[in-house]
Amino acid sequence: MIAGLAGDAHAHARLLRDLLPVLRRFFRRRMAGRDDEIEDLVQEVLIAVHSRRATWDPARPFTAWLFAIARYKMIDHFRQHRSHCSIEDVQDILAVEGYVEALSARADMGRLLAMIPAKQAQAIRATRIEGLTTAEAAARAGIGEADVKVSVHRGLKALARRVKDSIQ
Amino acid sequence: MKAEELIIALAQDVPPVAPNWLGRRLVAGLMLGGGGTLALVGMGLGVRPDLMIAMHGPAFWIKGIYTASLGVGALAVTARLARPDPGRMGRVWMLALPVLGLATIGLGQMIMAPRAQWLSMWLGHSARVCSALVVLLAVPIFGGLLWSFRWLAPTRLRAAGAMAGFCAGAWSATLYCLHCPEVSAIFVLAWYTLGIVVAAGLGALVGPRLLRW
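One line per chain: the protein sequences are A and B, in this order.
Take the first sequence: its position 13, counting from 1, is numbered 13 in our numbering, and each next residue is one higher.
Take the second sequence: its position 20, counting from 1, is numbered 1020 in our numbering, and each next residue is one higher.
Bear in mind the hints are in silico, worked out from the structure with no lab data behind them.
As the structure is a computational prediction, the values presented were derived from the model and not from experiment.
Every residue gets a Cβ at the ideal spot worked out from N, C-alpha and C, and that includes glycine.
Take the hints with a grain of salt, since some may be wrong.
[Said to hold, decoys possible] Once the Cα atoms are required to be at most 20 Å apart in a straight line, the calculated DMTMM-like pairs of lysine to aspartate or glutamate come out as: (1) 1002/B <-> 35/A; (2) 1002/B <-> 39/A; (3) 149/A <-> 136/A; (4) 1002/B <-> 37/A; (5) 119/A <-> 136/A; (6) 1002/B <-> 18/A; (7) 1002/B <-> 36/A; (8) 1002/B <-> 136/A; (9) 1002/B <-> 40/A.
[As the list claims (entries may be wrong)] Partner residues are not named here, just some residues of chain A that face chain B (Cβ under 8 Å, in silico): (10) 7; (11) 13; (12) 20; (13) 21; (14) 42; (15) 47; (16) 50; (17) 52; (18) 53; (19) 69; (20) 119; (21) 121; (22) 122.
[What the hints assert, rightly or not] Here are the simulated distance ranges between beta carbons: (23) 118/A <-> 1024/B: 22 to 28 Å; (24) 1072/B <-> 163/A: 27 to 33 Å; (25) 163/A <-> 1111/B: 46 to 52 Å; (26) 47/A <-> 1021/B: 38 to 44 Å.
Go ahead and model the full structure; you've got the sequences and the hints to work with.
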């Protein structure tokens, strides 16, 4: 997205392509069985992501922005077609919502990790995301175990600070 | 059309986006509409003849700073509502600060003046038309902001419309200061603010229809 904002057409196309499955999943979960409408909505959101990309604030999570657009387009669609979104299975939706969000959080995670020093980011990625033990991470990076622990600790602290700042 | 074709078509045209593009777009719309309002004030109402003298007194600046600070605050809130996820709107209460400040000044003026003058301080010479003129003069500015919004992506249309109306009202009141000869703070507090609030209400009314995208 950042490269797209800078005018990189290839990166932009790749982003739009990556969003396709995410958006299809988003709409399918909410309006299952209406595949034509879903495809229309997906394309509308892609157009909005493209033509209104300047309304994304790089200080805020990309996924929040994307889903806000998707939600808006869906509500607008329902309003136009006077149909209803069933809320019977709202509990299921809420339950799986976390899953979708977790998947797409990865995109934001990469961005956040890029904001802290590379060593800290690597240590966090190894121990917290890939699930290696401290010893394995230390061996892989060729540094001491204590060094890994300190890096993780400092990195997480820095991340928490960034997230806090971006929420405010 | 297939999604893949769409993506290829979209990726044909990816001009870089300047940082702070959204803010600039809104300010451009504001200036465009402000130009129209300024022309209306200058040619329709006429700039007050004693403007140069008035600029040496505090009353002119109190009015101007009051309305302009509301305008700046409202523009900041409008800019947030122009994004799909506006985030927390915790700072909206700051728009009440200029109002409180002006109320304090007005109270001070009332304490200093004899009670018999209070009514004339409140009504001035133009209480009947002041609010209506502020609302009317807000129309070009609101139009300018609508033009900016064509490239933006508000998702809370009513709130965005209300805030754009508020912003237009505050800036129209600022420009109206060039014409209006009133001096008392409670006059401004009552009638300028009323005009701005009415503009915000009208904005909320038309927002959902005009800001759809």
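Taking the hints in turn, this is what the structure says about them:
no.	hint	result
1	1002/B <-> 35/A	13 Å, holds
2	1002/B <-> 39/A	9 Å, holds
3	149/A <-> 136/A	12 Å, holds
4	1002/B <-> 37/A	13 Å, holds
5	119/A <-> 136/A	15 Å, holds
6	1002/B <-> 18/A	15 Å, holds
7	1002/B <-> 36/A	12 Å, holds
8	1002/B <-> 136/A	46 Å, violated
9	1002/B <-> 40/A	10 Å, holds
10	7	3 Å, holds
11	13	4 Å, holds
12	20	6 Å, holds
13	21	10 Å, violated
14	42	7 Å, holds
15	47	7 Å, holds
16	50	4 Å, holds
17	52	4 Å, holds
18	53	6 Å, holds
19	69	5 Å, holds
20	119	29 Å, violated
21	121	24 Å, violated
22	122	29 Å, violated
23	118/A <-> 1024/B: 22 to 28 Å	34 Å, violated
24	1072/B <-> 163/A: 27 to 33 Å	29 Å, holds
25	163/A <-> 1111/B: 46 to 52 Å	50 Å, holds
26	47/A <-> 1021/B: 38 to 44 Å	18 Å, violated
Checked against the numbered hints listed earlier, the structure breaks hints 8, 13, 20, 21, 22, 23 and 26; every other hint is satisfied.
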